[in-house]
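Participant: Listed below, chain by chain, are the residues.
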Amino acid sequence: GAGVSQSPSNKVTEKGKDVELRCDPISGHTALYWYRQSLGQGLEFLIYFQGNSAPDKSGLPSDRFSAERTGGSVSTLTIQRTQQEDSAVYLCASSRRDRVSTEAFFGQGTRLTVV
Amino acid sequence: AQSVAQPEDQVNVAEGNPLTVKCTYSVSGNPYLFWYVQYPNRGLQFLLKYITGDNLVKGSYGFEAEFNKSQTSFHLKKPSALVSDSALYFCATYKWEYSTLTFGKGTMLLVSP
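Protein chains in written order, with my numbering: chain A, 1 to 115; chain B, 1 to 113.
Hints may be right or wrong, so weigh each one.
[What the hints assert, rightly or not] Derived SDA-like pairs (lysine to any residue); straight-line CA-CA distance at most 25 Å:
no.	chain 1	residue 1	chain 2	residue 2
1	B	69	B	55
2	B	105	A	28
3	A	11	B	42
4	B	105	A	108
5	A	11	A	80
6	B	49	A	114
7	B	77	B	27
8	A	17	A	114
9	B	69	B	42
10	B	49	A	85
11	B	77	B	40
12	B	69	B	40
13	A	57	A	85
14	B	58	A	83
15	A	57	A	41
16	B	49	B	77
17	B	22	B	77
18	B	49	A	28
19	B	105	A	52
20	B	105	A	65
21	B	58	A	96
22	B	69	A	103
23	B	105	A	39
24	A	17	A	28
25	B	22	A	42
26	B	105	A	17
[Unchecked claim] Computed spacing ranges between beta-carbons, pair by pair:
no.	chain 1	residue 1	chain 2	residue 2	range
27	A	63	B	16	32 to 40 Å
28	A	115	B	61	36 to 44 Å
29	B	70	A	16	24 to 32 Å
30	A	42	B	58	21 to 29 Å
31	A	68	B	14	44 to 52 Å
32	A	81	B	70	47 to 55 Å
33	B	82	A	81	22 to 30 Å
34	A	68	B	80	41 to 49 Å
35	A	15	B	82	39 to 47 Å
36	A	15	B	69	29 to 37 Å
37	A	7	B	80	37 to 45 Å
38	B	29	A	27	45 to 53 Å
39	B	84	A	96	35 to 43 Å
Simulated from the structure, these hints should not be mistaken for lab results. By construction, the Cβ of each residue, glycine as well, lies at the ideal position given by its N, Cα and C atoms.
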């Protein structure tokens, strides 16, 4: 597609439920990032995928969070047993990550509200 | 570890005046530096980047940034601010050897008419 696509754009869920957030990166981009933006906060790195390498999961805040990337393209971020503090905008970005083009392109984000 | 710092939570400037949004970095070696902008209810948009070469980098919407190695800074500038420039601005750094794109906490720019 022309840009990074995220779905859903908004998600309201009850505390304790599981949620899945989807990211469809720009075609041909090998790098994919997930970030979390809480109200009044900066961008918190969650996880990074690069090609077929093992993902960098160092930013995941707890074992309730997991992510996968199938076929080197679409990624799904899963939050199990959601808590109110998980409420945030979840941003996905992709990039070519080569010597010429390193800038990341962001999706519109998924606004998650846990009630 | 690589990091960037944005010392100002908010910058206020009158329309038509020059603006500066500050960013300092802490990266060993030669960093890749970026500025992104986030307009209300929209995703982040790339503004400009410094990889190597000229210290003055020109980007989108009339913005530019100056890489200063001695001061480890990469301040974002614009000669004449517009009300429509009001947004949240993020400085970021990326180093080839590391995997993550690291962002500052953001600076809210408010341009008054």
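Participant: All hints are to be evaluated individually against the structure, with a verdict given for each.
Facilitator: Taking the hints in turn, this is what the structure says about them:
1. 69/B x 55/B: holds, 9 Å
2. 105/B x 28/A: Since the Cα atoms of residue 105/B and residue 28/A sit roughly 29 Å apart, the hinted pair is violated (cutoff 25 Å).
3. 11/A x 42/B: It holds: about 16 Å lies between the C-alpha atoms, which stays within 25 Å.
4. 105/B x 108/A: The hint holds at about 19 Å.
5. 11/A x 80/A: holds, 14 Å
6. 49/B x 114/A: It is violated: about 36 Å lies between the C-alpha atoms, which goes past 25 Å.
7. 77/B x 27/B: Holds, at about 22 Å.
8. 17/A x 114/A: holds, 9 Å
9. 69/B x 42/B: Status violated; Cα separation ~32 Å.
10. 49/B x 85/A: Outside the cut-off at roughly 33 Å; violated.
11. 77/B x 40/B: holds, 20 Å
12. 69/B x 40/B: Violated - the C-alpha atoms of residue 40/B and residue 69/B are around 32 Å apart, more than 25 Å.
13. 57/A x 85/A: Holds, because 19 Å separates the two Cα atoms, which is no more than 25 Å.
14. 58/B x 83/A: With Cα atoms ~43 Å apart, residue 58/B and residue 83/A exceed 25 Å; violated.
15. 57/A x 41/A: Holds - the C-alpha atoms of residue 41/A and residue 57/A are around 20 Å apart, at most 25 Å.
16. 49/B x 77/B: Roughly 13 Å between the alpha carbons, so the hint for residue 49/B and residue 77/B holds.
17. 22/B x 77/B: holds, 9 Å
18. 49/B x 28/A: Holds, at about 21 Å.
19. 105/B x 52/A: Answer violated: residue 105/B to residue 52/A is near 30 Å, above 25 Å.
20. 105/B x 65/A: Status holds; Cα separation ~22 Å.
21. 58/B x 96/A: holds, 21 Å
22. 69/B x 103/A: holds, 21 Å
23. 105/B x 39/A: Holds - the C-alpha atoms of residue 39/A and residue 105/B are around 12 Å apart, at most 25 Å.
24. 17/A x 28/A: Roughly 34 Å between the alpha carbons, so the hint for residue 17/A and residue 28/A is violated.
25. 22/B x 42/A: holds, 15 Å
26. 105/B x 17/A: Answer violated: residue 105/B to residue 17/A is near 30 Å, above 25 Å.
27. 63/A x 16/B: 32 to 40 Å: violated, 52 Å
28. 115/A x 61/B: 36 to 44 Å: Check passed, 38 Å falls within 36 to 44 Å.
29. 70/B x 16/A: 24 to 32 Å: violated, 53 Å
30. 42/A x 58/B: 21 to 29 Å: Between residue 42/A and residue 58/B, where Cβ atoms are some 25 Å apart, the hint holds.
31. 68/A x 14/B: 44 to 52 Å: For residue 14/B against residue 68/A, whose Cβ atoms are near 49 Å apart, the range 44 to 52 Å holds.
32. 81/A x 70/B: 47 to 55 Å: holds, 50 Å
33. 82/B x 81/A: 22 to 30 Å: violated, 46 Å
34. 68/A x 80/B: 41 to 49 Å: Since the Cβ atoms of residue 68/A and residue 80/B sit about 47 Å apart, the hinted range of 41 to 49 Å holds.
35. 15/A x 82/B: 39 to 47 Å: For residue 82/B against residue 15/A, whose Cβ atoms are near 43 Å apart, the range 39 to 47 Å holds.
36. 15/A x 69/B: 29 to 37 Å: violated, 49 Å
37. 7/A x 80/B: 37 to 45 Å: holds, 39 Å
38. 29/B x 27/A: 45 to 53 Å: violated, 32 Å
39. 84/B x 96/A: 35 to 43 Å: Taking Cβ atoms as reference, residue 84/B and residue 96/A lie about 29 Å apart, which means the hint is violated.
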